[in-house]
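*Asks:* From just these sequences and the hints, can you work out the full model?
There are 2 protein chains.
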Amino acid sequence: MATSEPRVVGKSLPRMDGAGKVTGTAVYAADFALPGMLVGKVFRSTEPHARIVRLDTARARALPGVRAVMTAADVPDVRYGGALKDETVFARGRVRYVGQPVAAVAATTREAAEAALAAIEVVYAPLPAVLDLDAALAPGAPLIHEEWASYTAIPILHRDGNVCNRARIVVGDVERGFEEADRIFEHRFRTGMVHQGYTEPRAAVAAWDSSGQVTVWSNTQLPFEVQNTLAEILQMAPSKIRVVVPGIGGGFGGKLRVGVEHFAAFLARATGRPVKVITTSEEELTAAYPRQGTVVELKTGVTKDGRITAKAGRIWFDTGAFAGSGPGVASVATLVLAGPYKIPNLHLEGFAVYTNKTNCGSFRAPSGPQANFAVESQIDIIADALGLDPLELRLKNIVREGDEGPTGQVLNAVGLEECLRKAAAAIAWNDRRPARWRGKGLACGWWTTTGGSSGVYVKINPDGTVALNTGAAEIGTAALTGAAQVLAEELGVDLADINVVSADTFSTPFDFGAQGSRTAFAVGNACRAAVDDLKRRVFALAAAQLGVEPEACRLADKHVLADGKRISLADLARLSQQTGGGLIAQGTFIAPPTAYDSKRVDGHVYPAFHSPSFHAHAVDLSIDPETGDVTIHKYVVAQDVGFAMNPTYIEGQIEGGVAQGLGQALSEEIVYENGRVLNPNLTDYKMPTTLDMPRVETILVQHPSLVGPYGAKGVGEPPNIEPPAAVANAVASATALRLTSLPITAEHIALALRDAGT
Amino acid sequence: MATSEPRVVGKSLPRMDGAGKVTGTAVYAADFALPGMLVGKVFRSTEPHARIVRLDTARARALPGVRAVMTAADVPDVRYGGALKDETVFARGRVRYVGQPVAAVAATTREAAEAALAAIEVVYAPLPAVLDLDAALAPGAPLIHEEWASYTAIPILHRDGNVCNRARIVVGDVERGFEEADRIFEHRFRTGMVHQGYTEPRAAVAAWDSSGQVTVWSNTQLPFEVQNTLAEILQMAPSKIRVVVPGIGGGFGGKLRVGVEHFAAFLARATGRPVKVITTSEEELTAAYPRQGTVVELKTGVTKDGRITAKAGRIWFDTGAFAGSGPGVASVATLVLAGPYKIPNLHLEGFAVYTNKTNCGSFRAPSGPQANFAVESQIDIIADALGLDPLELRLKNIVREGDEGPTGQVLNAVGLEECLRKAAAAIAWNDRRPARWRGKGLACGWWTTTGGSSGVYVKINPDGTVALNTGAAEIGTAALTGAAQVLAEELGVDLADINVVSADTFSTPFDFGAQGSRTAFAVGNACRAAVDDLKRRVFALAAAQLGVEPEACRLADKHVLADGKRISLADLARLSQQTGGGLIAQGTFIAPPTAYDSKRVDGHVYPAFHSPSFHAHAVDLSIDPETGDVTIHKYVVAQDVGFAMNPTYIEGQIEGGVAQGLGQALSEEIVYENGRVLNPNLTDYKMPTTLDMPRVETILVQHPSLVGPYGAKGVGEPPNIEPPAAVANAVASATALRLTSLPITAEHIALALRDAGT
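Sequence lines, in order, name chains A and B. The first sequence begins at 1 in my numbering and counts up one residue at a time. The second sequence begins at 1 in my numbering and counts up one residue at a time.
Treat the hints as calculated values from the structure; they're not laboratory data. It is possible that part of the hints are untrue.
The list makes no distinction among identical chains, and a pair is therefore deemed to hold if it is satisfied within one copy or across any two copies.
As the list claims (entries may be wrong) - Here are the simulated DSS-like pairs of lysine-lysine, each with C-alpha atoms no more than 27 Å apart in a straight line:
1) Lys422 <-> Lys565
2) Lys422 <-> Lys558
3) Lys21 <-> Lys85
4) Lys21 <-> Lys240
5) Lys535 <-> Lys240
6) Lys299 <-> Lys240
7) Lys85 <-> Lys240
8) Lys342 <-> Lys21
9) Lys240 <-> Lys11
10) Lys21 <-> Lys565
11) Lys558 <-> Lys240
12) Lys535 <-> Lys565
13) Lys565 <-> Lys634
14) Lys85 <-> Lys565
15) Lys11 <-> Lys21
16) Lys558 <-> Lys304
17) Lys599 <-> Lys299
18) Lys299 <-> Lys342
In this text the structure is predicted, and so the values were computed from the model without any measurement.
*Replies:* Okay, here's the thing in structure tokens:
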């Protein structure tokens with residue numbers, strides 16, 4: 001690491017992908033086109049649970065312009081998935097949710113493809129459908145997957161009928177903890193299913209070449225994951241599958257898994273032509289991978305002075321007809337349920353539960369908003385009941401430097417108290433009820449910086465610029481700008497000198513992918529490793545040129561300096577092209593394992609938070625008592641980011657995360673009735689617009705992580721976690737009503753006020 | 001290097017790019033297309049030398065479908081080039097050859113583009129033209145470039161007016177050598193201008209993105225060279241220029257330099273749309289980079305028993321209106337003029353000379369056929385005059401192991417005698433005149449394995465397959481198959497497990513490019529270096545898994561083996577993705593410098609042959625005395641390849657090289673009259689077809705090089721060198737007539753027979 005004052009890291013430099021995006025000229029996967037390309041479309045189930053009695057595609061196949069119609073009969077009979085392999089490409093004999101793919105078509109135009117969809121004939125025999133968590137968990141409930149026990153799953157999962165994982169943390173003795181408490185609080189919370197709301201729909205183009213290799217241009221966040229999943233689905237070696245990410249118009253976890261890539265690949269193989277598949281808004285809202293709706297039950301024991309002695313909690317995730325990310329999300333949820341608090345006795349469980357709905361996936365801080373909404377709402381309820389200041393109650397219980405996390409990990413770089421105090425101060429917390437129908441709310445939390453491994457290749461070009469070759473995709477967070485800042489800093493060049501080549505499973509090294517707030521963190525660290533490797537080569541060459549010892553060399557200002565002499569990186573790169581294959585290096589990073597007490601966990605995919613971040617949100621809002629409308633006067637986020645690699649883009653991440661969080665808090669829900677989505681369009685599914693957004697004040701707290709580059713922690717997901725709880729607490733403060741179900745719409749507030757007679 | 005019996009190297013395994021090519025499904029640059037792409041065309045001079053009095057594009061611009069018309073006024077005023085920067089994108093005020101670009105157009109269709117070309121109005125004022133070497137070198141000759149002295153050139157060049165380089169080798173005292181001789185022979189030879197005859201014309205597609213970066217898909221042999229030249233031409237940083245080679249339908253040196261890429265790039269920038277430019281056959285034969293026509297004068301002194309005491313030689317290259325590759329070609333020519341012989345006194349000069357013709361470039365073994373034709377024709381003339389067997393005369397003078405080359409390099413792995421003896425034996429040399437009008441000819445030579453540097457990245461995929469990331473392009477020689485064989489051998493995997501990603505200036509490491517018979521040699525060696533790097537990582541990981549020492553590990557059969565235990569590369573790669581960024585490595589290679597005596601050379605770009613190869617060709621043919629038609633009964637090539645990496649593809653290279661060599665020998669010439677090409681089409685420019693080709697017998701001699709992988713030497717260029725001399729010698733043997741001008745067409749033979757009265 002550079003020892004002098006940083007020149008590049010920590011600066012709000014313009015993002016590398018910015019110009020194209022703001023001018024509308026950037027190419028996204030949805031824009032990507034090839035000559036002769038066909039349009040692919042998916043034919044989807046209209047029944048939540050039914051047997052397929054008849055499926056006839058003959059009429060569709062015969063239509064003009066139609067080049068292929070495929071069903072389960074045309075693809076390998078394999079089950080794929082993440083932790084649990086329960087999915088099929090097309091429904092085989094039985095449909096399990098409205099929106100499940102039953103067939104796919106490729107045609108020369110969109111109109112011809114749509115005509116083909118309309119001409120597919122299917123007859124269903126309905127089966128009893130499981131439409132919510134209660135129904136799924138009821139004794140004698142129909143099984144969504146009768147053959148569940150035969151599915152391949154990672155051994156760690158605890159499965160039982162409609163429960164496709166149960167994860168657990170047990171610490172101390174929760175019953176004894178409740179005995180030590182003066183008061184015990186029990187509450188139940190509910191959250192709705194929400195969509196990631198990315199601007200660009202899922203899109204993929206596939207083309208096969210003569211060697212039997214397929215290239216897929218996709219807007220996936222995880223090209224290597226998609227490569228491996230396609231290998232399972234297509235029954236091919238992954239090395240024959242090239243996944244390239246041309247660009248991504250937002251992902252937020254919704255584009256982690258295979259979406260439409262497999263349809264494009266199958267249709268392209270069948271037709272011998274490139275095929276593009278893009279989803280519609282209706283497909284997005286009925287058949288994507290949204291955030292799971294949940295039910296949470298919390299039982300918390302506290303002493304009368306506010307010390308938490310025990311907590312028992314259960315969170316059930318309605319994960320839909322297939323496991324999707326459910327098993328892992330149920331697992332990480334238990335850490336969120338514990339909260340960033342020192343609690344000696346815990347008994348926390350997360351359940352992923354099948355229902356006849358679309359299968360859910362990952363959404364920015366998966367499980368975070370749901371679990372945090374329950375935990376932080378209950379903290380305020382307890383403070384209210386005990387007559388304590390909610391800030392004081394939190395400060396009395398939060399984790400601090402050197403404390404143990406719920407599973408035994410030792411916490412360091414804990415900036416939580418600073419976040420809480422600064423967020424509270426910024427909304428004048430001590431002046432909490434300045435007006436009638438006005439209230440302030442606080443919520444705090446923690447989150448992980450996902451580990452996983454990253455490799456990079458780095459090459460110095462003959463003009464002294466630097467190519468950074470990474471398997472990670474830029475999903476809009478500017479994380480690759482952050483990683484490039486690390487590279488520029490370490491190499492003594494400018495950010496503008498870095499050129500990123502990314503997200504191509506053939507030409508870039510493996511990367512665990514743009515997920516879990518890890519990209520700048522992990523790719524940045526891999527860059528540091530590459531520079532270590534590169535320096536050896538650069539210094540050896542420079543030393544020979546300058547007549548000095550390699551040990552005397554250092555990098556600065558695009559030069560190697562030694563003993564008062566200097567030579568430019570450009571000159572060295574040119575020289576090396578003549579004398580040694582060019583200046584290239586590789587670097588790899590793997591997050592070091594986090595120690596935890598394995599006896600405390602069970603069924604757990606994520607037993608500890610890695611390089612955790614800490615955050616506090618504070619909101620000042622008013623309620624219109626007639627309409628229930630919420631007006632936010634001020635929204636403050638204080639987030640411990642470890643080190644602010646690029647303050648402007650971290651602020652952007654925080655503002656965006658708050659926008660999504662407020663959507664979940666106040667307006668967004670995919671509403672099901674009888675297994676069908678009532679609002680599968682962007683008119684009825686209400687995401688906040690710019691006009692709905694308050695100004696967000698951002699306070700960057702910096703307790704440097706021991707592992708991250710320059711101390712950076714993951715910053716992308718956390719801002720999404722606390723808004724529901726902060727808003728619920730402020731609404732409670734403004735109305736004296738506690739709403740325990742998300743979203744807290746104006747209608748819900750108005751009805752609650754009417755029911756309460758206020 | 002593997003110590004056990006090779007499994008992959010040395011085997012005639014199927015080439016990796018074969019299936020697509022034989023099924024017609026491979027994508028070449030000429031096939032490459034993008035949506036919305038425009039057609040670019042070049043408007044070219046019709047005068048060999050003239051002032052542009054008027055150039056009016058207004059009418060062309062106004063035509064329907066025309067999106068851009070560009071002239072010198074629309075592009076930066078820069079001179080670019082290789083060793084000598086004398087070229088401009090478009091003629092500026094003056095044209096210097098018929099075919100020189102004057103303007104370029106982009107339009108929505110080919111027809112619209114052609115209409116635009118027809119609508120460009122130009123008025124020329126002719127200037128005195130220099131139409132051949134004699135005219136260019138005559139005292140008071142008009143200067144092609146009056147401002148030649150102001151051009152940027154590498155300092156090593158000797159320039160003077162129309163001579164843009166003079167390279168020289170001086171050894172011993174040639175005058176004293178002639179005094180020691182019993183006989184002195186002086187001859188003059190002439191060779192015609194020939195085209196490389198690649199199947200696919202030069203083609204490029206360019207597209208700009210919003211960040212001001214341009215991507216050029218081109219069939220260049222040297223993507224990094226094109227990147228750098230485009231940077232000069234476009235006045236941009238090379239790092240903003242991505243050159244990708246989708247595929248190449250043959251190059252043979254004709255696609256080393258910027259061909260149409262710059263037109264595509266300028267037109268795409270001007271129109272905001274992708275632009276594709278492909279050349280026509282007429283453009284190829286009038287305005288590409290063909291092999292230079294030459295005149296050679298040789299003066300050789302020999303003792304009466306056949307020992308060569310001295311040689312003075314001069315070769316003049318008609319390099320056309322711009323230097324092109326001429327300065328370098330004139331340099332390497334002097335080594336070929338020396339011949340693979342021990343001659344104590346040498347005075348050899350090569351001249352690159354401007355004329356008002358298309359500027360010439362590189363063609364498979366540049367200078368080789370021209371100089372060798374002279375040298376080896378004269379050897380036979382001398383043998384005839386002295387009454388010696390031409391084979392014996394050669395064996396008396398050739399270089400052998402440990403001898404010095406002409407510039408003082410010490411030669412090793414010299415398989416020349418074996419080549420000569422085996423080639424001669426294969427055509428029953430001792431039975432030289434079996435019939436009237438039938439004759440046998442021999443010729444031998446040597447050639448370099450071009451050095452330059454190569455870098456590779458290597459990645460083990462989670463299925464145990466391996467990605468080889470190289471900046472070199474596969475130009476049809478199967479050289480990347482050869483390099484991949486090295487990688488497979490060293491890693492203990494199969495060739496089918498290797499996946500090549502190549503020739504992309506952004507995502508692949510620098511490579512000096514597919515030129516000079518170097519690809520398998522240099523990239524193969526870089527692979528060896530990468531495996532050294534990779535082994536450390538692989539063995540460390542395997543040792544930890546197996547509980548053994550890294551030193552105990554070895555690679556075999558896609559596994560690491562140690563102490564009777566084993567773990568697969570696939571398992572290690574998966575593990576490494578979880579625990580360390582994947583198994584990736586880089587490797588670089590630079591040919592070690594060849595020692596030579598710098599006092600012997602002057603104006604020399606290539607002062608010594610690197611890892612030289614040796615070869616002898618033998619031909620048995622008949623002449624039809626009426627028509628002059630030549631029928632080849634047998635053609636034998638004995639080539640010292642060092643190590644036959646893939647015998648089948650080396651045989652393919654040799655057969656192809658002989659085909660091209662026979663074309664030069666017997667039928668091919670770009671014929672100029674008054675500065676205009678008379679035969680600018682593939683009907684009148686006569687390349688041999690399959691039906692014209694004799695069966696070629698190949699004898700692979702293997703004296704392992706000290707540097708090449710497994711001892712391999714460059715094999716691609718040599719087979720092109722000796723055919724003209726071998727054929728000329730056989731024709732002389734059959735007819736007793738010595739033809740000293742190429743091509744030796746049937747017409748020339750018949751006329752010579754008539755003139756001789758035989």
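*Asks:* Take the hints in turn and mark each one as holding or not.
*Replies:* Verification of the supplied hints:
Taking CA atoms no more than 27 Å apart as the test, Lys422 paired with Lys565 passes in neither setting, with 48 Å inside one copy and 58 Å between copies. Neither within a single protomer nor between protomers do Lys422 and Lys558 lie at most 27 Å apart by alpha-carbon distance, with minima of 40 Å and 57 Å respectively. Proximity of Lys21 to Lys85 under the C-alpha cut-off of 27 Å is found in neither arrangement, the shortest distances being 37 Å within a copy and 39 Å between copies. For the identical chains of this complex, Lys21 and Lys240 are inter-copy neighbours only, at 18 Å across copies versus 32 Å inside a copy, given an alpha-carbon limit of 27 Å.
When the C-alpha separation of Lys535 and Lys240 is checked against a cutoff of 27 Å, the pair qualifies only between copies, where the shortest distance is 24 Å, while the shortest distance within a copy is 35 Å. Proximity of Lys299 and Lys240 under a CA criterion of 27 Å is satisfied in neither setting, with 52 Å inside one chain copy and 60 Å between copies. Within a single copy, Lys85 and Lys240 get their C-alpha atoms as close as 22 Å, which meets the 27 Å cut-off; across copies the closest is 44 Å, which misses it. In this homomeric assembly, Lys342 and Lys21 never come within 27 Å of each other (Cα to Cα): the closest approach is 44 Å inside a single copy and 67 Å across copies.
In this assembly of identical chains, Lys240 and Lys11 lie within 27 Å of each other by CA distance solely across copies; the values are 24 Å between and 41 Å within a copy. In this assembly of identical chains, Lys21 and Lys565 lie within 27 Å of each other by CA distance neither inside one copy nor across copies; the values are 42 Å within and 53 Å between. When the C-alpha separation of Lys558 and Lys240 is checked against a cutoff of 27 Å, the pair qualifies only between copies, where the shortest distance is 18 Å, while the shortest distance within a copy is 39 Å. In the homo-oligomer, the alpha carbons of Lys535 and Lys565 lie at most 27 Å apart inside one protomer (17 Å), although the nearest pairing across protomers, at 37 Å, exceeds that limit.
With identical chains, the CA atoms of Lys565 and Lys634 are never at most 27 Å apart, being 55 Å at best within one copy and 64 Å at best between copies. Taking the shortest alpha-carbon separations for Lys85 and Lys565, neither the intra-copy value of 61 Å nor the inter-copy value of 31 Å comes in at or below 27 Å. In this homomeric assembly, Lys11 and Lys21 come within 27 Å of each other (Cα to Cα) only inside a single copy, at 21 Å, whereas the closest approach across copies is 51 Å. For the homomeric pair Lys558 and Lys304, neither the shortest alpha-carbon distance inside one copy (63 Å) nor that between copies (65 Å) is at most 27 Å.
For the homomeric pair Lys599 and Lys299, the shortest alpha-carbon distance inside one copy (22 Å) is at most 27 Å, but the shortest distance between copies (92 Å) is not. Taking CA atoms no more than 27 Å apart as the test, Lys299 paired with Lys342 passes inside one copy only; the shortest distance there is 16 Å, against 98 Å between copies.
Against the hints set out earlier in the document, violations occur for numbers 1, 2, 3, 6, 8, 10, 13, 14 and 16.
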